[in-house]
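S.K.: Sequence:
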Amino acid sequence: MAIEGRTFFLSSCLSHIELSSILNFAFHMFLASHIVFIAIHYRHLAGRDSFLRGNWS
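With our numbering as the guide, the letters of the sequence shown map in order to residues 6 to 62.
Derived from the structure by calculation, the hints contain no laboratory data.
Worth double-checking, as some hints may not be accurate.
[As the list claims (entries may be wrong)] Between beta-carbon pairs, the in silico distance windows are: (1) Gly52 <-> Ile22: 39 to 47 Å; (2) Ile45 <-> Ile22: 28 to 36 Å; (3) Phe14 <-> His46: 41 to 49 Å.
Idealized CB from N, CA, C, for every residue including glycine.
Taking the hints into account, I'd like the entire structure generated from these sequences.
M.R.: As structure tokens, this is what we get:
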């Protein structure tokens, strides 16, 4: 009984660690994709803005 309880506790801890690492990985992928998306759009907007300024002057 004690051995079964211990193995269940270990397996639940392992599954919790796997779940948290998967969520952590998904969160970092989500964050990285948004940072890349914002950086591309910011560069695009900045390039278009300087392009318009170059045309006007």
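S.K.: Please flag the earlier hints that this structure goes against, numbers listed from lowest up.
M.R.: Per hint list: zero violations.
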